[in-house]
Each structure stands twice: as C-alpha cells, then as structure tokens.
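Heads up: the protein sequence lines correspond to chains A and B, in order. Counting in the numbering used here, the first sequence runs from 1 upward without gaps. Counting in the numbering used here, the second sequence runs from 1001 upward without gaps.
To be clear, the hints were calculated from the coordinates, so they are not data collected in a lab. Incorrect hints may appear among the rest.
Computed far set for chain B versus chain A, every beta-carbon distance over 10 Å [as the list claims (entries may be wrong)]:
id, residue
1, Gln1070
2, Leu1438
3, Thr1449
Partial list, computed: chain A residues near chain B (C-beta under 7 Å) [as the list claims (entries may be wrong)]:
id, residue
4, Met1
5, Phe6
6, Gln342
7, Pro345
Backbone N, C-alpha and C define an ideal beta-carbon position, used for all residues, glycine too.
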Amino acid sequence: MKPFRFLMLWCAVALAATMAYVLAYASLLDSPIQAEHWLRDVRTVKRALARQAIGPKVVLAGGSHVLFGADARAMSVQLGRPVLNLGLHAELPVRELLEIADRNLGAGDVALVMLEFERYREGHAGSQWHARQVLAWDREAYDSGDLRVRAGLMLSTTSDLVRDAVIAKLFDNRVLADHPGRRARTETEVLDEFARRATWAAGDTAPRSAAIYDFRNLDGHGDILRAVGSDAMPDHDYGLGAPLDPDSRTWRELVAFEQSCRRKGARCVFALPPVRDCALVRGKRDEILRGLDDIAAHGATLGLAFLPHREAPVLDAMYYFDTRYHLNEQGRTLRTSLLMAQLRPWL
Amino acid sequence: MLFNSHVFLFLFLPCCLVAYHVAARLGAPAKVWLLVGASLWFYAGWDARYLPLLLASIAFNFGIGRGLSQASSTDARRRFLLALGIGANLALLVWYKYAAFLLEVATGSPRDPSAEVLPLGISFYTFTQIAFLVDSYRGRADEPRPGQYAAFVTFFPHLIAGPILHHHEIIPQFRREGGLRSDWLAPGLALFSLGLAKKVLIADPFGAIARPVFQAYSIGTQGLSGGDAWTGALAYTLQLYFDFSAYSDMAVGLGLMFGIWLPLNFDSPYQAESIVDFWRRWHMTLSRYLRDYVYVPLGGNRHGTARRYLNLALTMCIGGLWHGAGWTFLCWGALHGAFLLVNHAWRALRGNAAAGFLERRAGQALTFLAVVVAWVFFRSTSLAAAMQMLRDMLRPGFEFSLGIGTALRDVVVPVALRDAGFVVPPEFAVATLLAAGLLVVWCLPNAHTIVFQGARPWSRPLETEPAPAHWRASAPLAIGAALAFVLSVIALVAAPPGEFLYFTF
C-alpha cells in the first residue's frame, strides 16, 4: 500500500470508529451503574406536584440548596398560596433545574430561583457527574438534548465510565438483583408509591425511608423531610473571592428563563444562598460580600432581579446539615422566614 | 502542552502541519523559522515563565559556538570560550536542578521538593548544547544559521524529553526543501498513533497500579507484603518503559511528519541479554551522549582496566544524577555502574565464545531482574523506602496487604463487575495485567519495527537518510494505527492527560 493510500485508510478508519462510538453511546443509556438514582424518582414526584398545583403558585427552583434550604409547606401556609419546592441537585445542568419549574408556570405564578454560587462562575457545559447520571437514569437529558448537549455529555464521559456502563448493561440482571434501587421505576409506580406513603393533608412529616435522599422522604410540597443535626465540614469560601465570569452559560440560561416567565405572565426573582460561617469566611468577609454583590449587580445588568442579599448573608455553622449548602431543620426555618418577608412584595 | 492532550492533537499539530506546508513554499528558512515559532508556542503552552531562559540559553550557546568555530580564534581564546560555555550551562543546570540538593547535603536540613520548580526540558536542552560547544571546539560542528540552530534546540518533538539530539544528524536535515509529503507523513502518523496508544492505554494503567504501592512505601506504611513490593516494582518497570518509549515513538513520529529523522531512543530494552546490551537499547541517545561526552573525555578504556571501570562507574553515577538531584538517582546510577562492571568482568572471564540459547535466556532474565531492582531506587522517594521495598521483595508470598489490596482492587477490578457480583481477586487481575505487559515487552516487536517492517533506516546516518520513499504499509497497520488513535482519544476524553515520566527530569 502506498503512503497516500495508507493516510486515506487511516482517516477513513478513524472516522468510522469515531462514528461507531458516537452511535454506540446511546445504547449505553439506562445502564444500572452506580449513580444518584434517587434523583430520577424525586424529579418524577416534583414534576407531578407541579402539574397538580392549582391557582397562582410560587415555585422554588435550583439545586439541593433549595431542596434543603426552604420550607415550602410553611411558606404555603404563610403566603396563602401553593408553594412548591422543586429543588433537585446542584450538579444538574441549569437548564434542567429551570425546566422543571418552567414547564408548569402560568400567569400570576412566581418563580424563585436560588442557584449555588459555583454555577455563576462555571461554563458547566458538562460534568463527569452528570454524564454518569445520564447513562444511569437520565435518558431524557440525552434524548431531548441538541447536538451540542450530546457532544458535551460524550466529552464528559470517561473511558472508565464507558467500561462500567458496558459491563452493567451486559450483566444488568445480576446488578439489579444486588442493587434493586437502580431499577428504573415507571412514573406510575413512583407516583403510586408516593401517594400511598404521603399523607399530605395530615401534615405527617415522619421519615419514610432510612435513606435521606429518597423520594419517599418528600412531602406534598417537595420538601425533603430528613435534615437533622449538623455535620462537621471543612471551611470553605465558596470561591466567592474569584472574579465573576460574566460570559458563563448560566447567565444565558437564566436570562432565557426570565424571558420565558415573562411570556407566560409569570414573575421570576433570584436569591443567593446564605454562606456558612467559618474562620475562612470571617477572614474574608468583605471579599465574600463583594462576591455576592457582584453576582446580584451583574444579574441586574441583565434584567434579573435578586432579593436583597445583605440581610443575613452568613449563617452560623449550626444551621447546616451535611454540606455547605444544605440547611438543617432549624436553618431552613430561619431561612424560610427571611425569604417569605423578602418575597411578599413580589406576590 | 502534552502530546496526549486534545489541544495538541486537534489544534496545535494540525495547525503546525498546515502552516509548515504553506511555509515550505517560501523555502527552507521559512520552514525552519516556522518550526522555531511553533516550538516556542509549544514550550510556552507549558510554562511561559521559562521561555526567556530557553531563548537566552540558545542565544548564548549560539554565540559561543560561533566564537569557537571562528578560524581566527587563538587556542587560548577558544579554550576560554569552551570553559565559559560549559561552565555557564552547568551553572544553569546546577542552579535550577541541583542547588537545593547540594544545600541539603551541605547543611543537612531536608528540602521541600514541592517548592522546587524545574524549567521544563532544561536537562535536555543543556546537554544538547554542551555537545554542540564541545564539537565546535573540536572543529567537528557545522556552522548553522541562527534559525537552524534555534530549530535544532527547540524542535518541539524532542524539546521536553528528548531524544537527545546530535547537531550533526539534525541540522543538515533542516536544509531540506519541500513541504509535507505522504511518504514522510504516513510512517510518522503510524508511529505517533502507536506511541499514543502505548502511553494512554498501557503506560498510564500500569502507573495507576504502581502509584499506591510506592506511595505506601514513601509514607512508611508498615506490614506491606512481598506481593505488594513485586507488584509495585514490576508495574513501574512496565510503566516507565511504555511511557518513555511511547514518548519517544511519538517524538520520532512527529519528526517524520515534518520530514526530520530523529534518532531512536528504545530498541526493546527488556529483551536485552546483558546490562551492556540493555544500555544499547534503553534511552539510547542518553547512552550515546554519556559515552561521547563523559566516558570518553574521562579517559574511556584508554588507561587500563581499573581506570576503565572507574570511568564507567563515574559515568553511570553522572547519568543517575542527570535524571534528578537525589540520593535515589545516584544509587540507581551507581547500581547500573556496578552491573556494568560485573558484566564486563564476566565477559573478560568468559571470552568471546557464542552464547547458547539457555545462556542467553538466563542472561535476559538476570538482566531484567537487575533492571527491576534498580528501578526501585529510581522511583522511590527515599533510600529508606527503596531498601524497605527491596527487603519486602525477598519475602515469600504473592498476596497483597489489606490496604494495597483495596487500593489495587479499585484500580484493576471495574466497579460494575463487582456490582454484578463477580468476585475477582485483585492479585489475579494484577498478575494477569503484569503477565500481559511482560509478554509484550519480552516477545513482541517494538513500534518502529512494526511500522518499518524490520527495515532499519536508523542504522544509517540520519543526516543523509532520504525520505522513506519506498516505505510500504499494510492495511492492517493502517487500521490498527487508526483504531489505536481513536481508542486513545476516547480514553483521554474527560480525563486529564497523564504527564510523561521523563518530563520531570
């Protein structure tokens, strides 16, 4: 074979192998690999709750800070309208965190979005964590994604993950026998079980599952019911000293969401999570407050309204549960009362 | 910028090739300056802070070389210039590479290796240029143009981790006319693809096996077993070979793409039948350098057997220290010096009779064992850690200790396999992988033999070696190389590319 033909053959084979990989990727979806399978069912329940809510409502959207950081049930009672906690997980793409709120918003509704600080600073085209979730349980993210999203997912999938997904697919019966929690329940199955377990009207908040992260621990407002205690965790400044990235994808997603709300006659407002107090934060207090100001100020330039963040921007460590964004019951109560006071002018 | 990074593979290299082809239409000087520019971009992609140092080193050595080559220079002036040139180069190397070590030796206070910053490639470009100065002094060097000299020092395929070039064989090649040609590109691409696969698919996984073991020894973990120690030593032996030879394959392949023959650095060293043979096959350009610019100037074999052995031992110690400033590297060099002495003494005793099959296999096994033992010093963070590991290697048993077993299980047994209820002992998985690696290094041909089908263009002077116009490839090689490339790229997706081990030297 002459060198030129060698080069042509090399290119053809490389192209064919790449195409084969791209096509084969979709067949790895729904692999029962290790992942946060609980999110799939939590999302199913929350979507159902959002569909069922009647009348002008308030929806709280964001990552797990929202999941743990606001008491939608209490807000609902105080504000006299349905309030739903649609918080999921901070590592999910922003568009997925907002989509769950966006799909059921109507005229008169208010969306309160609280994203973790890191999201304002990162492109978040994809993460290895998210690629794992997509292969394990979030086929929808792949199927509904455009080419850019799919390419981002593939480029976030390590070869180890591909290997695990292939093995898990090949031996799915064996894996599911040992790990039943990885089995994909249908929406009906999840909602039936949730309906059986939850006694919303009675206000029963007793934990339903030994695991904290489980849809059976949600109440009828989407709040998770097990957040007690206060774990020791390392000091962290949330990266608030770093310069803001005004071009991050997050901002574009937020602007698009705000415009979508406006089109539907709904209103949209943003809030910043409180910072967990620690020696590091005390030492950099001014810098951190400036970081908060920067986010809100940049949001304002884009037409995004933020609730005042200088009121109790830092909370004592005793109010935090298992991460620097998860508030425990006491923290959630404190935070909720502040949110309600700040939110009233918007209702 | 790493050869195995996406930026290099999909941006830098394609851009360079296209620009090189365009520049070639303007003539050889334009091509050469383009290579210099690309190489400086490549270097700055690592750490732009040391770019001025590299440029200053090139300018200084070029100037000294010019001075040495001038016919009008007196002997005294030339001797002064040579001493100045070598002294300045060594001073630079000592300052950046050995100062902290020497201070530690002098004061006894331990240094913090993490605080030491080594300008990338300094050992390589310093040695390369010292050779140029010595040959200029001897009247054996060409008088390159500034662009050719700068390209010779900085040519990006070899800049960071060799091969250590000799000006004689490289500079004349920069005078060639013409742009990209398929007869250069095709074998270059094949070699590069195989090298990339060696690094990503073979070397890095062996590194993942070796790492926890050496880490455990470096922090003084107690209760490690013979199985742990042998696993660490063998895995590192394979990692280092696959890693460095992969880099060299990629460098040679890249050189070919640009129409430049770079010298070979590896020739299946673990198939060597003696330590002397090993050093003819391992890091061949360093061996050549040490022979020509250290061993021979020290006296070589010209002053009797005892002096010859002393020179050999000294040369190997210097070779050890060249790799890094530390007792472990010195020990590694000294150990190889001792091996060489024994080997030469054995040869003197045994005479020149041809070795039989069994003797050759025994020689191969003994050589491999000696090399593995020496690598323990090379990789260990301290002499104490190395000695402990060697002591453990003398203990019977192949089972892992609890900590290493757990760490290696996570490396070699996929989580999904465990989730499916399969029980794969890590000892079994590691032994299988090591056996496969050893089978490759002992029994299979190396990359350049595969690509050039046994033809040995490197056995002829590179400076006059023409394009491989008669190179013919098989379809399986094209398919294999392309698949190796794609698999490597997939393995690199979402994972930071692993650094080459020789980047730290």
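Interface hint status, Met1(A) versus chain B (Cβ within 7 Å): Hint holds; Met1(A) Cβ to chain B Cβ min 5 Å, cut 7 Å.
Phe6(A) as chain B interface residue, shortest Cβ-Cβ below 7 Å: Where the cut-off is 7 Å and the nearest Cβ of chain B is about 4 Å from Phe6(A), the hint holds.
Restraint check, 7 Å cut-off on beta carbons, for Pro345(A) near chain B: With a minimum Cβ separation of about 45 Å from chain B (threshold 7 Å), the hint on Pro345(A) is violated.
Whether Leu1438(B) stays farther than 10 Å from all C-beta atoms of chain A, as the label says: Consistent with the label, Leu1438(B) stays out of reach of chain A, its closest Cβ about 23 Å off (over 10 Å).
Check on Gln1070(B) being off the interface with chain A, judged by Cβ distance over 10 Å: Holds, since 44 Å exceeds 10 Å.
Hint validity - Gln342(A) Cβ closer than 7 Å to any chain B Cβ: Status violated, d = 40 Å.
Non-interface claim for Thr1449(B) versus chain A (Cβ beyond 10 Å): holds (17 Å)
Violated hints for the displayed structure, listed by number in ascending order: 6, 7.
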